[in-house]
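S.K.: Each protein sequence line maps, in turn, to chains A and B. Residue numbering for the first sequence follows my numbering, beginning at 865 and increasing consecutively. Residue numbering for the second sequence follows my numbering, beginning at 5 and increasing consecutively.
Don't read these hints as lab results, they were simulated from the structure. Hints are supplied without guarantee of correctness; some may be wrong.
DSSO-like, lysine-lysine: derived pairs with alpha carbons at most 30 Å apart [stated by the list, open to error]:
1) B:K131 <-> B:K107
2) B:K218 <-> A:K988
3) A:K988 <-> B:K289
4) B:K194 <-> B:K273
5) B:K327 <-> A:K988
6) B:K201 <-> A:K988
7) B:K112 <-> A:K1088
The following residues of chain B were derived to be distant from chain A, with all beta-carbon distances above 12 Å [claimed, not checked]:
8) S99
9) S245
10) G356
Cβ atoms here follow ideal geometry from the backbone N, Cα and C, with glycine treated the same way.
The residues making up each chain are set out below.
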Amino acid sequence: MNELPQQLVNGLLLGSMYGLVAVGYTMVYGIVQLINFAHGEIFMTGGFGALTVWLILPGGTTMWVALPLMIIGAVLVATTIAVGAERLAYRPLRGGPRLAPLITAIGLSLALQQAVWAFYPEAKSARTFPQIPGGPIELGPVTIQTGDVFLLVAAPVCMAFLAFFVMRTRTGRGMQATAQDPDTAKLMGVNTDRIIVIAFALGAAMAAVGAVAYGLKYGVVDYKMGFLLGLKAFTAAVLGGIGNIYGAMIGGVVLGIAETMATAYVSHIPGMDQLGGQSWADVWAFVLLIVVLLARPQGLLGERVADRA
Amino acid sequence: MRNRSLLILTTAVTAGALTLTACGSRDDKGGAENGDGGNVTVTIGLDAPLTGELSALGLGIKNSADLAVKTANKKSYVKGVTFKLESLDDQAQPSSGQQNATKFVADKSVLGVVGPLNSGVAESMQKVFDDAKLVQVSPANTNPSLSQGINWSTGEKKRGYKSYFRTATTDAIQGPFAAQYVFKEAKKTKAFIIDDKKTYGAGLAGTFKGEFEKLGGKVVGTQHINPDTKDFSAVATQVKSSGADVVYYGGEYPAGGPLAKQIKAAGAKVTVVGGDAIFSPEYVKLASPAAADGDIATSVGAPIESLPSAKEFLANYKAENYKEAYEAYGGYAYDSTWAIIEAVKKATEGNGGKVPERAKVVEAMQGVSFEGVTGSVAFDEFGDTTNKQLTVYKVEGGAFKPVKSGTFGG
Chain A
865 MNELPQQLVN GLLLGSMYGL VAVGYTMVYG IVQLINFAHG EIFMTGGFGA LTVWLILPGG
925 TTMWVALPLM IIGAVLVATT IAVGAERLAY RPLRGGPRLA PLITAIGLSL ALQQAVWAFY
985 PEAKSARTFP QIPGGPIELG PVTIQTGDVF LLVAAPVCMA FLAFFVMRTR TGRGMQATAQ
1045 DPDTAKLMGV NTDRIIVIAF ALGAAMAAVG AVAYGLKYGV VDYKMGFLLG LKAFTAAVLG
1105 GIGNIYGAMI GGVVLGIAET MATAYVSHIP GMDQLGGQSW ADVWAFVLLI VVLLARPQGL
1165 LGERVADRA
Chain B
5 MRNRSLLILT TAVTAGALTL TACGSRDDKG GAENGDGGNV TVTIGLDAPL TGELSALGLG
65 IKNSADLAVK TANKKSYVKG VTFKLESLDD QAQPSSGQQN ATKFVADKSV LGVVGPLNSG
125 VAESMQKVFD DAKLVQVSPA NTNPSLSQGI NWSTGEKKRG YKSYFRTATT DAIQGPFAAQ
185 YVFKEAKKTK AFIIDDKKTY GAGLAGTFKG EFEKLGGKVV GTQHINPDTK DFSAVATQVK
245 SSGADVVYYG GEYPAGGPLA KQIKAAGAKV TVVGGDAIFS PEYVKLASPA AADGDIATSV
305 GAPIESLPSA KEFLANYKAE NYKEAYEAYG GYAYDSTWAI IEAVKKATEG NGGKVPERAK
365 VVEAMQGVSF EGVTGSVAFD EFGDTTNKQL TVYKVEGGAF KPVKSGTFGG
């Protein structure tokens, strides 16, 4: 049986999730040149936000009613935490040495993980996440799970929304202007503080949608789920060209497909038996990253805004 | 260009910082002092994952060890000695385990250590304990090389550390036991073997594979997964297209549950079989009860609920109102702790009633023999338990139910 189409779909799904989280890294980096390492944890809190909504809803609520409310809950929790973090942790350090906010981000990441671990009921081990009922959908050689359908729909919709927002709206143009040159943007009447808050909030909202997709896909959320996924999403952002939102999405998909292909096929290459399998998938993903960065140091799509240095 | 080099620099610094955060904090508490009324306090150390994904098992071990210590004190089992349990968390990390081992060695009141849960963690602790002649009894390590040396499979058995003992049966028996059940009784002939590349998982998968092929079964595929991720879709697709009718997973439930769920969701008609580390209600929860139905786990010993020797333990455990269940290793943890208490008793008696030095406790451990929760407890020349019983459990109606107990012969 030819499993290639299925493996491509597996990679596309994994990559879409990376992409949804990666846009948050890339937007914040594009505007304030900060790698927000707490973003993976903001993703995680989104997942717990959705779970909380589900637990509050009366038992027997159908997924069709619950899901929109869960997405709203996830987005609210994640954006609140992201905006709060910007306000309390990052803004006071703006203009300081660049390492200060970076270390703050790492601290925040640990604090959020441990806070959920310690205070969310029964979060010391993984918590089960509600599932969309129904069996898998068979499309020729490809099987798609009901939980994956959400991701397949949500990822492009979110990206289209984000692209529209950045390219077509007044606030979006303000973001572009701030990314190009914050001082000049300020002189032109752009409220850069507000723009930065919006960038954090938008990134968090995308991550929250990703977290709901994660819960639906894997059936569990846990306090550590943002750590590895955050690192992968950051890798995807760099691969696609950090600062470029299309790059983040494409970087995510490329990374996801690369990992899946490495898992499925590397061990079939003669002589590579020991270097294949899922435990080596990350290695191959990073080999790909290095090769891409050697050939195109600016990432696949480059940084669209002018380099200020 | 300045930005880019800064980006690389910050990335490198961050990667370093993230690695460092894995290290635990250090707290320096002094060793236990002499107790009141002429009683000497002997500390029994305990090392297990008390936080993180494997904490369900770890906390069960801790509570059971605590129960053993309380029982010994209540009965004044060793004259003039009050036992105290000191628990450290290894987070299932070999590096944390080694730090904890060093800490126990430095505390002069520690005469024995129970733990750890993970074979990989045990590897990092063995030498530290052996150098200090401090006895260690693990309730859960099943990797054969820990006691029989790395060449155990070729028959060159050699005990590496005289201070290492365990009350759990090894994978040298557990893997083949599962293979016999799967091939002969479940009548499955095409296996897809997956492991997590850890000491425990890879060892178990290896012993299963050997016996399964010897019996005439066919291995249609192998995969090594990264237990830190949750996405096993690529592996699941491979299992489906391989046509396997059974998946053997050498690894632990935090990855095993989601793996089983995704394999079944992909449409593969397989039974997932694993060792004692997937024998947990958490496995069924993570795999979802519907998907886990019919899955099989082997575990060391017999189900303690069915053992007459465990009645007292079960009643006392309940009476203490522990928040967490005793889980798969509770009985073994109790027996491990009790073995240390017995060894201390024997060594104390041989020392004119005075608390002996550590090396004497190691010597005494070799000769320990008593009726414990899990049956008779004694150790062979490698420090392995002489009780080689195993049980097959099957998921039925959302919970593991014992199917068959027995000893592996051959």
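S.K.: Against each hint, give a clear statement of whether it holds in the structure.
M.R.: Okay, the hints, checked on the actual structure:
no.	hint	verdict
1	B:K131 <-> B:K107	holds, 14 Å
2	B:K218 <-> A:K988	violated, 42 Å
3	A:K988 <-> B:K289	holds, 14 Å
4	B:K194 <-> B:K273	holds, 12 Å
5	B:K327 <-> A:K988	holds, 13 Å
6	B:K201 <-> A:K988	holds, 25 Å
7	B:K112 <-> A:K1088	violated, 37 Å
8	S99	holds, 17 Å
9	S245	violated, 4 Å
10	G356	holds, 47 Å
The structure does not agree with the numbered hints 2, 7 and 9 stated previously, though it agrees with the rest.
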